[in-house]
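Trainee: With the hints as extra help, turn the sequences into a complete structure.
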Amino acid sequence: MESTRDPEERERRVNMAGNAVKWGFVVLLAALAGLIAFLQLFRTPAAQRPLEEAVRRLEEGNLEGAMALVDPQGQLGILWNENVGGARDRLLELFSRYRLEFSSLSWRTRTEGDFAESSPVRGRVTVYSRETKGPPLAIYQFGDDGLVFYLQKKGGSWLIEGVNYDLEELLSGGLDLP
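Reading the sequence shown from the start, the letters are residues 25 to 202 in the working numbering.
In short, the hints are calculated from the structure, not lab data.
Be aware that one or more of the hints could be misleading.
[What the hints assert, rightly or not] Calculated lysine to aspartate or glutamate pairs in the EDC-like style (CA-CA distance at most 20 Å, straight line):
{"hint": "1", "residue 1": "K178", "residue 2": "E125"}
{"hint": "2", "residue 1": "K178", "residue 2": "E76"}
{"hint": "3", "residue 1": "K178", "residue 2": "D138"}
{"hint": "4", "residue 1": "K157", "residue 2": "D190"}
{"hint": "5", "residue 1": "K177", "residue 2": "D95"}
{"hint": "6", "residue 1": "K178", "residue 2": "E77"}
{"hint": "7", "residue 1": "K177", "residue 2": "E141"}
{"hint": "8", "residue 1": "K178", "residue 2": "E136"}
{"hint": "9", "residue 1": "K157", "residue 2": "D95"}
{"hint": "10", "residue 1": "K177", "residue 2": "E84"}
{"hint": "11", "residue 1": "K177", "residue 2": "E77"}
{"hint": "12", "residue 1": "K157", "residue 2": "E117"}
{"hint": "13", "residue 1": "K178", "residue 2": "E83"}
{"hint": "14", "residue 1": "K177", "residue 2": "E125"}
{"hint": "15", "residue 1": "K157", "residue 2": "E76"}
{"hint": "16", "residue 1": "K177", "residue 2": "E117"}
Mentor: Listed below in C-alpha cells is the structure:
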C-alpha cells in the first residue's frame, strides 16, 4: 500500500474508508431487520407445534404417539385414558383400518399466557384403506368449519387439551367408512 504525505489526500482516503464502513453497517442493519421481520412473520407459534407434531404422528399411523402430546387431565386425555364411551377402542380400530394423509395444512393460533386456541384454516385430510390400494375413501377439507383445538402450557410444554366438538358423540356414529 502506497503511503502519501499529502494531508488532503490522506483525509480523502480516511473519509472514503469511513463512508464504506458506514454503508456496510447500514447494509448489515437492513439485513438483520429483514431477517427479524421474516422470522416474526413466518415463525410457528410454540403453542401450535404439538398440533403439527400430532398430525405428523397420525400420518405415520402412530396414534399412541399423537396421544402423548395430549394433556392426560384434559378433555381428550380423559376421553382416551378412561376409554369414555369406548372412544379409545373406536379410534384404535379406525387407525388399524384407515391411513390418513394431511396436505397443505395451515393454522391460525391465538395465545394468551399459558392458554391457546388453534384452528386449521385450510388444508385437507385424505383417508385411505390400509388393506387395499386404491383411491381415497374420503377427503375432508379444512376451512371455515369452526374446529378449534385448545392447548395449555404445563411444565414448560404445550399440550393439547381438547376441541370444541363433542368427540364422544362424533365417535359413537358417523365415522363409518367403506
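Trainee: Hint by hint, which ones does this structure get wrong, listed from lowest number up?
Mentor: 1, 4, 9, 10, 13, 14, 15 and 16
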